[in-house]
Each structure stands twice: as C-alpha cells, then as structure tokens.
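A.B. asks: Add chains B, C, D and E with the ligands to chain A, keeping to what the hints say.
Residue numbers (the working numbering), protein chains in the order written: chain A, 1 to 268; chain B, 1001 to 1268; chain C, 2001 to 2312; chain D, 3001 to 3257; chain E, 4001 to 4257.
By construction, these hints were calculated from the structure, which means they are not laboratory data.
Certain hints may be false.
[To be verified] Cross-link-like lysine to any residue pairs, in silico, SDA-like; alpha carbons within 25 Å at most: (1) 4151(E) / 192(A); (2) 4151(E) / 161(A); (3) 4151(E) / 3244(D); (4) 4151(E) / 246(A); (5) 1248(B) / 1224(B); (6) 76(A) / 91(A); (7) 2244(C) / 4022(E); (8) 128(A) / 159(A).
[What the hints assert, rightly or not] Stretches of chain C that chain E covers, calculated by requiring three or more beta carbons in the stretch to come under 8 Å of a beta carbon on chain E: (9) 2026-2032; (10) 2058-2065; (11) 2074-2088; (12) 2152-2159.
All residues carry an ideal CB built from backbone N, CA and C; glycine is no exception.
Here is what each chain is made of, one letter per residue.
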Amino acid sequence: MDGNAVDIPVLTVRNVRKSFGKGAAKKDVIADLSLTVGEGEFVSIVGPSGSGKTTLFQMIGGLTLPDEGDILIGGKRINGQRGNVSYMPQQASLLPWRTVAGNVELALQIAGASRKEAAELTSEWLGKIGLASYGDAYPGVLSGGMQQRVSFLRALLSPQRLMLLDEPFGALDALTRLSMQRWLLSIWEANRRSVLLVTHSIEEALLLSDRIIVLSQSPAVVLDEFVVPYGRPRSDKLWTDPEFNRYKERVYNVLQESLSKGTGDSHV
Amino acid sequence: MDGNAVDIPVLTVRNVRKSFGKGAAKKDVIADLSLTVGEGEFVSIVGPSGSGKTTLFQMIGGLTLPDEGDILIGGKRINGQRGNVSYMPQQASLLPWRTVAGNVELALQIAGASRKEAAELTSEWLGKIGLASYGDAYPGVLSGGMQQRVSFLRALLSPQRLMLLDEPFGALDALTRLSMQRWLLSIWEANRRSVLLVTHSIEEALLLSDRIIVLSQSPAVVLDEFVVPYGRPRSDKLWTDPEFNRYKERVYNVLQESLSKGTGDSHV
Amino acid sequence: EEQQPDSGTEQALTKVKVVLDWTPNTNHTGLYVARDKGFFAEHGLDVEIIQPGQDGADKMVASGAAEFGVSYQESITMARIADVPLVSVAAVIQHNTSGFASPVAKGIDSPEKFEGKTYGGWGAPVEEAVIASLMQEKGADVGKVNMLSIGDTDFFTAVQRDIDFAWIYYAWTGIEAELRGEKLNMIYLTDYSDKLDYYTPVLATSEKMIADKPEIVKAFVAGASEGYEYAIEHPDDAAEVLIKAEPDLNADLVRASQKWLADKYQDDAPRWGEQKLEVWTNYADWMYEHGLLEGKLEAEKAFTNDFLPDKE
Amino acid sequence: MGNNRIPWRKIWPPAAVLAALLAAWQIAVSAFGTAEYILPSPLSIAEEGINVGPRLLEHTLATVGLMLPGFAGGAAAGFLLAALIHFIPGARSGLYPLLVLSQNVPVIALGPLLTLWLGYGVLPKLILIWLVCFFPVSVALLSGLNDTDPKLRNYMEMIGTSRWTMFWRLELPHAIAHLFSGLKIAASYSVLTAVVAEWIGSEKGLGHFMMLSSSGFQTARVFAAVFLIVILSLAMFGLVVLAERICVRWKPDRKGE
Amino acid sequence: MGNNRIPWRKIWPPAAVLAALLAAWQIAVSAFGTAEYILPSPLSIAEEGINVGPRLLEHTLATVGLMLPGFAGGAAAGFLLAALIHFIPGARSGLYPLLVLSQNVPVIALGPLLTLWLGYGVLPKLILIWLVCFFPVSVALLSGLNDTDPKLRNYMEMIGTSRWTMFWRLELPHAIAHLFSGLKIAASYSVLTAVVAEWIGSEKGLGHFMMLSSSGFQTARVFAAVFLIVILSLAMFGLVVLAERICVRWKPDRKGE
Ligand SMILES: Nc1ncnc2c1ncn2[C@@H]1O[C@H](COP(=O)(O)OP(=O)(O)OP(=O)(O)O)[C@@H](O)[C@H]1O
Ligand SMILES: Nc1ncnc2c1ncn2[C@@H]1O[C@H](COP(=O)(O)OP(=O)(O)OP(=O)(O)O)[C@@H](O)[C@H]1O
Ligand SMILES: [Mg+2]
Ligand SMILES: [Mg+2]
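The following block holds chain A by itself, in its conformation from the complex (with noise of 0.2 Å):
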C-alpha cells in the first residue's frame, strides 16, 4: 500500500476512528482510516460530501484528537499538537482587515518568518501569480477566484513539511483552474514538498497527484487507492488523452458503487 515503506513518511494516519456526539446522536465519521504521505509525494482524496475529509485534515491539524489511532507527522505522534502544517482551506478565509500582502505575510510570520524576509517573499510571489496590483487591496474587492488564489499563494510560501489543501481549486474558474494546476504543478515538481489535497474533481486529482484515495461515505474507510500512472513532469494536456477518460471512469466507479451500497441518505 505505501511506496516509501524504508523512508519514514511525512504523514501517516494509523487506524483513526471519529465520531461526533454522545448517546444517541452518536455519529460515527471515519471509521478505521488508515493512510500515508511519503516525503515528496502528491497524494489526493476522493470522497463524497461529508465522507469526513475536513473533519480528517482537522485531526491532522491537531484541532481535534482522533477518537482512536495516531497520527504521525515524520514518524513523530503529533495527536492534538498544532502548528505542523500548511493550510488551504475550502473558503479563502482571508482576514477581511488585511490586505492581500497582509494576509500572506501574517501567515509566514506565524509560520515563523521574519517580518522582512515575509514582506519580500509574499511581493515576490504575489507579481508571479498574477496579483501584483492588489496587494495593497483588501480581499473585500476581490472576487472569489482572486481570494482563493491568494489563499492558495499563502500555504504555498508557508514552510511547514506538509500542505493541506481542502478543495483549492473549487471556487476558480475552469480555465483559471487549469492555469493554476499547471502552474502548481511545475512549482511542485520543482520542489517536491508533500502534499495531502482533498478534491471533488477526479481529473484534478488525475493531473496532480501520485497517489489517489478514494474513501466512502461517512462512516469513512479507503475505498481504494489508486496509483496514477503517468510519469512526470506531466503535460497540462492530459485530459485530452483518451485513456485519461478510463481512468476517470474508473475512479468514479468505485464512489459510484459504494454509494449504492450506501446508506443513500444524502444522495439520490
């Protein structure tokens, strides 16, 4: 199951089990999970809405502790321990009262940077995504693409091992989209940092990751997991291969059947 076994991950998730509630109202949301990020691996999940992948990015995180399991971050159990990872969250999250330069600078600084060394680094970036002429803006004038993509600028240059990004993607236009996975890619295969993304897009997860897992519907388990076979670097054409359109239905497949097995109360 994991490619890196003699190197030690940079993430592993060791047999987790979640619930919210007591009694009752007692709702179980990951059930058994089990998976790994080796160092300078792209590792993708698929999963339907509220199969729990927020709920599982914040147990790695440290925001809440896993019911049962561990969680190591380089062989290290960092169960409930904050301040590991890089972070993209599903809605940009920008402080309304900072500035685009502002927000990403405050991020390096908690990270740990300096306060120049953040100034320089965040107007550097910010020219090469496009945005230079709004770093003095406040994200209220900008429209949501912008926002997520400074959101997305701000866990790039924050240097903790592991980014989490919780569908980046999702609020970009499509040709945006394409434009910034492109773009993230050659960044990445540049750098080699590890990365657990969370997408409801298979063709996404198809371009960017190494890995793909698909898990089920809460109570979640790894449905599958799926190792991409295209090498690397990956042409930005990809979707215009034709076993591209195989793999991405096989991909759905798996969800596609595991839903029917499901409890299919939120889903037709």
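C.D. replies: Below, chains B, C, D and E with the ligands without anything else, positioned relative to chain A:
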C-alpha cells in the same frame, strides 16, 4: 443570434455597460453586453474569474443599475427592479439561525407562497433531494456540499420566471455534482423553466445548457455563442462521448485565446 | 489663602479641613471670612474649606478624613445614638430659622390649615413628627395632611405642581422669594414649640480631635468665631468675601441673605456659638418620644462650649 | 448541550469569587478595626439585614415594581428607536446625536422639568429609567443592524426581499447578539437607576431606605440595601442571559468557555 | 469615499434636527409663558452663558481635565479586563458577574469609602469615572471576542497560530466594531459621569457650577452648563467615531447610509 425571435424572450440584456469607481479609479467591468434567454431555455455563461458575471447577475436582480443599456424580463424593462428572479449564489448564503427547512420556506414565502404551501413543498422536496433528516438541523452542522444543495433547492422551488444560478455546483464533490446535474436535467427537461447559469466548468455547461455564452476578461463582451448540439433528453454519460472532448476543447480555446490577447494582469 | 495676612504668625501653619454640609451659603460666611481675612492664620491654622459629597460631612469628620465639619443638631443626635463620635463645638445660628413655607395664595398661615393640604418633603419620619407637633398645638390632625416626597426638587418648582407647602430655611429660600417679590406665608417651628428650637447648623468635630488636639479645636473655633463676628458687624463686606470666594453663587441672594442673617447668628446669646444643654435635651427627648431615636442621648457629651473664646 | 449541566458549571465560579471577596472583606474589617459607620463587616450587614428584614423586603418589592416596567419600557423604546432610525433613510445621522444628547441631561436639570410636567407620581421616575435603559439597547442594536453579512444581504436582495422582511428575517436575527449585549448593559443599570430615580422623591423603595439609613448613620442598613441591589442586578442580568440562550439556539457550541 | 465630503453630509442632519428642537423650545417657552426659573428659553440661556462666559470656560476646562483621563483610564481598564477575562480560561464565568456588580454599588455607599481611603483629591473622582466607563467597553469587547468567524478561526488554528497572535490578529480586529460600540457608550457617559463625580466634592468643574447655580435658583446657568455638557459629550462621541473611521478602513462602503 437569438433562436426564439418571434416569442418575447424571458430575459433580454441589451447593450449593457457597467463600471465601478470614479475618475482615475474607474474600472470598466462590462463593456456592451447583450444576451437573451428564451422561454424555457437553458443558457450558460462561461468566463474567466473577475469578468463581471456576478456583476451582471446583480444588474438582472435589480441590485445595481447598469450605466447604460436595458434589462428586460418578459419584454418589460426592469432596470433596478427587484423580485423578478430566483437566485442561487456562489456561496450557500443560508441564514444560520433558521433550520434547513426554515431557510427554504422563507425563500418561498418571500416569493409569495403561503406558510402552509411553503412548508409542504419544502418537506416534500427535501425528501426528494435526500435531505429529509436534515430539515430541522441548522445549516452550521451541514457540510459545504449539503449547504449548497439546500441553496439550490431554495432557488428551484421559487416561482419566478427566471432562475439565476451563480456557479451553483462549484462546492459539490465530483460525484454529487454529476448526480445533481443529472437530476437537475431531469427536472428541468420535465418543466422547462428559463435558466441563466454561470459556471466555471465547460463540461457542466455542455451537459446542461442549450446555449453557452463565452465572456471575455473584463471589460466583458460576448466572445462567442455556442449552441450545444446535443438533443434532449440528454444522457448523463455524455462525457464519455469522444465528440464531447472536442466541443470542450473548442470552448476552451476561445477562452484561452481571449486571455492571451487581454491585459493578462490576473493570469499567469 | 487668597490674602495672607501680614500680621500672621510666620511659623508653619497647621493644615486642617472643614467640610461643609451643603453647597456654600450664608450659613458658612463666617468660615470664609475667617479664612480669607486671615483669622484662622492668626490662630496658626491653614484651613481648607471642602464642599461635601452627597453624604455630607459627618462621617468624614467622625472618621478623621476631615478635622471639622458643618452639621446640625438632629444629625449629631442621631450620629451619637449610632455610636458615631461627633461633638458640636459651636452653634452657627442661635435659633432655628427653618419653617413651613407656602405661597400666600394658598392661605396656609397657621398649622391647622395644613389639613387637607399636600406637604412636599424628603419622606423622612422626622418631618411628619414635626408637622404633627405643630398641628397638635392647634388641635389639628396630621392624618389629614397629604405627604409627598419631592426629593431634590426646589421649593419654587414644587409649589407649581401638586405641593402646597414645604420646609425651608428662610435665610436662603425665603429671601429668594422676597427678591422675586413672591409673598410667602411662613410658619416657623420656634413659634409653636420650644422643643423644636434646635441648633441648625453647628460646627462639629470628633471626640478624638477633642481628646488629642484640643489646641487645634480651640484655634479653629476661635477663628470661626472671629469670622462670624465680623459677619455680624459687617454683613455687606462679609457677603462680598463669600461672593469673591465662590463667584458662582447667586450674588444678590447672598447679599440679601447676609443682611437678614446678620443679627440671627448670635441673637440673644451671650456670645456667638453658645449652646445650651436644654436645647439639646429638649430636642433629643422630643425625638425619642416620637420614635425617631432608638436610644437616649447623653446630651452633655453631644456638645461643648469649652472651645468658644472667652468674652472679654 | 446538556441543559442541566450548564447552570452549575456557570454558577460556582462567580459564587466562589464572591465568597472569597466577602471573606477578605470580613477579615480586613476586623484586622484594621474599621468603624462600623464607615464600612460594616459582611456579618454585621447580614445581621442588620435580617433585623429589618420585613421592611427591607417591602422596599425591595417597591424597587422591583419600578425597575421591571422601567427596564422593559426602556428596552422596548430602545428597540423601537433603533428600528425606526434603521428604517428611515438619513435618520441615523440625524437622530444618533440626539440619543447621545439624551444621556447627557443631568437629573439636576431634568428632575424639576419632569416633576413640573408630570407631577410626583411614578411616571417621572419611569421616564428616568427609560432614559437610561433605552440607550445601550439602541446603540447596540443599531451597530448590529449595520453589520449584516454582505453575502446574505446580497442573496436576500436578489430574490426581492422587502425592506420589512429583510429587517425581521435577516438584519434583526443577525443583530441579536448585539441586541443582547445592549440588553445586558441596560439590565445591569436598571436596578441602580431605579434606586437613583427613587431619590428624586419616593416614599418607599431601596433608594428611599438607603437615604434615610444613611442620614441616620445606619451604614449597615445602607450596605444591606447595596447587597440587595447587587443581587437584583445579577438576577436581571441572569434573566437576560437566559433569554439570550433561549433566543440564540442556533449558535454552534463553543469549545473552551 | 471622498473623505472631504463625508463630514458635511454627516453634520448637517443632526444640526438641522437640533436647530429645529431649539426653535420649538424657544417658541414653546414664549407661548406658554413658562417661568424663567423652571425652564428658561434657549435665548436667555445663551445670554446668561455669555455673561458668565469666562468662568464657565474655566469650569468646562476643569471638567474636561477630569473627563479625559477618566474616559481614557476607564476604556483602558475595560479593554485590559476584557482581554484578561478572555485569556484566562474560566475567568469569564467567574468575573463577569463581578463586572455587573461593580455597576451596582451606589455612590452613596461608595463615595464615603473612596474619600476615606483616597482623600479629597482627584483620585476618588477618577475612580468613579473609570468605574462607569470601563463597563460598556468590557462587555462589548467580550461579546465581540466571543463572536469570531469560525471559518477564520479554523484556518488560524490549522496553521498553528499562537493564542496571543490569535488575539491580536483575529479576535481583536474582528471585535473592533463591538469595541467601538462600547467606546461610544462610554464616551457618551464620560462627561456626565465627570459632572456627577464633581458632585461628590469639588471646587471647580461644571458639576460644581451646576450645583451652586441650582442651589442659587439660577436655572439659566444650570441649563447653560447642560448645553456645555451636551456639546462635550457629542465631541467625545465624535472623537470615538473618528477613531473608528481611522481604525476600520477595510469595511466596504455601504449603500444608503
Ligand atoms: N463539530 C461537529 N459536530 C457534529 N457533527 C459534525 C461536526 N463536524 C462535522 N460533522 C459531521 O461530520 C460529517 C463529515 O463532515 P466533513 O465536513 O468532514 O465532510 P467533508 O468530507 O469535508 O464534506 P465536503 O466534501 O462537503 O466538504 C458530516 O456529516 C457533518 O455533519
Ligand atoms: N462594488 C464594487 N466596487 C468596485 N469593484 C467591483 C465591485 N464589485 C465588483 N467589482 C470588480 O468587478 C470585477 C468583476 O467582479 P465579479 O464579481 O462580477 O466577477 P465574476 O465574473 O463573478 O468572478 P468569479 O468568477 O471569480 O466569481 C472584479 O474585478 C471586481 O474587482
Ligand atoms: Mg469539507
Ligand atoms: Mg462571481
């Protein structure tokens, strides 16, 4: 350009211009935009982030006035007049202090339904979209995906002649997204209400709509109108059709081209 | 402090505080005169006149936060019953100048006319007892008086509305009415009951001061005595001293009040400030009889004439 | 949630703090030998309070009878005024300064006027309490009404929500946290304001009782009344907190507190 | 935005309302022939105010000199206390009732104690003002600190933000609207509280002036002081609004108001 020239279109946008700010800070967002949505027609708008799609919706909804041009619903000029559309925004926008059912009922009541009608319709449809057990829950406990589904239901049940959907499925996972699209399609094909949809997914536009309007970067103009060649009722396995990728690439290329011609400030 | 007298002793003056009982008025003129004409300084005192908070001077004097205070007999009587060690050292005005006032139009010229009228006061039990005593003299029934509490509202406002008569100091409110040309019927307490001829106001200090620093008490009373004697002899000049010290006072009222009060400070007493035991016992007995006191007053300890300067 | 558990968890910390304070007070008074008429010890206050218990109760009831309609009327007036200002375009800038102004006419100037116009009944006292209580409610509600989530507002406007529905369904529920913080302030003030109002002329009530006790040098009684005032205030505050909990059910549980 | 335009647009509506009020007052007083010593007309108040102008100015300055450190100290204390309560786990439930309590010890009980402990200087008066001003600031800030956007909090927690950074970068900026609504209330109260504090014994200041004028039956002077109090209050309020505008630049322009 217009397929239903004899009938009065449900929506006509005629030579609309819009800019924000004054003097040196003035920014043209929409430069001469015209489009129509016929009775029972499903029209999608695809355009880059920041191209003014939300701004256009706000003008149709009567929240802002166009600087020039007219907006007509059913042939009646409604510039700055509200209450003529039902709406599903980019972000779910459920009132956090109302239950899921309460949120839907409120929208119906605002559109003129009686309390009883609204309650009946709501509980009936919550069941249909698989959220029956969440009717009494507050939106805060729902995952992002579920919230967006409630938001969609709310727009669907309102009786206005035109539905505006602003990137409605952007927050849903691939699977639910597909099933929602399919489901929407089946409902819509049985009822044929007039829809104007903003989407970032070319696939979604192809799957759902009769026509696709491609907008340029701001200041926005219509780059292309693309009549979708698939008949109705449509198969939900459209995306496995080899032709499908060709159409997709065609729309993609139109967008791509305009971007390389544009100022390119907000794109790599 | 405004005019340091050149005749004054040059060695360091002892700082003492005297707390007033209310806003500065002509009851206090002697203190201001003694301060500003240097009488206190001649006795080695640097006196600071302090205007009181809501709660008056008594507790501050008793606790030692201030050395002296302006008080009145009823208050000292109640204080002593409550084991608050206050002692009166001088009567500022020899006879009670307070009484029940009403616009003449109301026709209340005798206590029996209170019947069926509305009295506006503070809601204290002593008020009803005093009114009852006056009416008793005329065989009238206090039960027929309508008692209303009017709090801080002034006499002139009160009689505009609901209220027929109220309890005032003639030297201040009565004089103001004269200045306005409003005719008042005045029923003085002293006209109907000797027991109600109590001292108001008085100068007070604490037992501790008397025990520990009798020389300072002596100096203070001596200075005050000179101040009030000056006010008795030169009412016009004394009024100007007060007005100069407190320019925000109603100057016309101060001048007129000073003139009216000049011969009331000492009145029939052998010297200014003199207090009589029977006045203290009479009033305390009266209060006790009316259930206004929870114990018997040891009147001898409540006041002293010991610090008054000997009349030459 | 566990509605049964919360009260205890909420009640013991302040109770402990209060008990500690009282103990410290008792010890300090004994240690420094402070005179009774300046600062009586908690024990002698309690003793005196029990001695005059029935009378104290009567006065307390009178104060409560003034405070409740005062608070309710003030809060209602504050609510209505804020809603009015919110509804009438331009009223905010025109009337807001008047609200501030209303808090700055001292009783010394206002008392006689109220008396003159309204006599010595209960009305002028109620008006004084209203005047104090409406203000924090108005200010808090206004700032809440002005602070609605733009996304929600945008949605509601798009579907053509009427001004009125907007207020009831969006703005007011959103402002409810602000409203309650204003109500808490008003509740905290209502008791003391009733007491102060009694000073402008009253034959009963804790304010009247304090006045007489103070002039009679019965400091222990003054403090017994102070204790009752504090207790009434806390009770009022607690009522508002309770009402908030009932009204705001939808807030997700917070960690920590 | 147009920073130059706003002041005028903001100033004329309340000015117009005020002018209308004053005119109505003047006319009513003439029409009903109200006695001068009960309710003087605005004109005679102005006249009397000018007559005693220099002295009034002196008193005003004295009051301002009391009010400014009172407000500043009270606001600072309120801020610190709220922050403290926010930081110390469990402190909220333990100390919040004490805050309420602090608002309910009447001056009649507190005044003598403060004077006894601190003498007749400026300190007891400042403490009274602090006691009044800190409360709305604390309450407002606490409710603001408790109301942070959960999405933002979640993000900050995920990236390991320290408690301290969380406070300065997220919670406080979020609570700033609440903080300012508390400051506005405190500012509105600060002037009148300074005046009331002067009543507990002072040789200067508007409170002293009003007291003497009132006991001298000079109602026009009392009202002249009331006018000054109102003006000072509005000025304080305006200062807070200005400070808010400077601090909260990021809010998008609102339509309407
Ligand atoms: N604090 C909580 N208390 C109770 N239930 C919760 C809580 N947080 C999450 N849940 C429940 O746990 C389940 C998983 O939620 P989660 O947000 O992790 O899903 P998700 O996979 O991220 O969904 P999406 O893809 O839509 O973002 C949902 O059913 C949700 O209702
Ligand atoms: N009130 C406003 N004031 C100034 N500029 C605005 C305002 N509203 C929108 N804009 C600008 O207008 C442009 C179009 O914004 P809009 O939100 O309509 O884009 P969009 O097409 O909906 O983008 P997305 O696809 O990311 O949602 C953006 O550049 C935005 O900065
Ligand atoms: Mg999620
Ligand atoms: Mg948009």
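A.B. asks: Against which earlier hints does the structure fall short, listed by number upward?
C.D. replies: Failing hints, ascending: 1, 4, 6, 7, 9 and 11.
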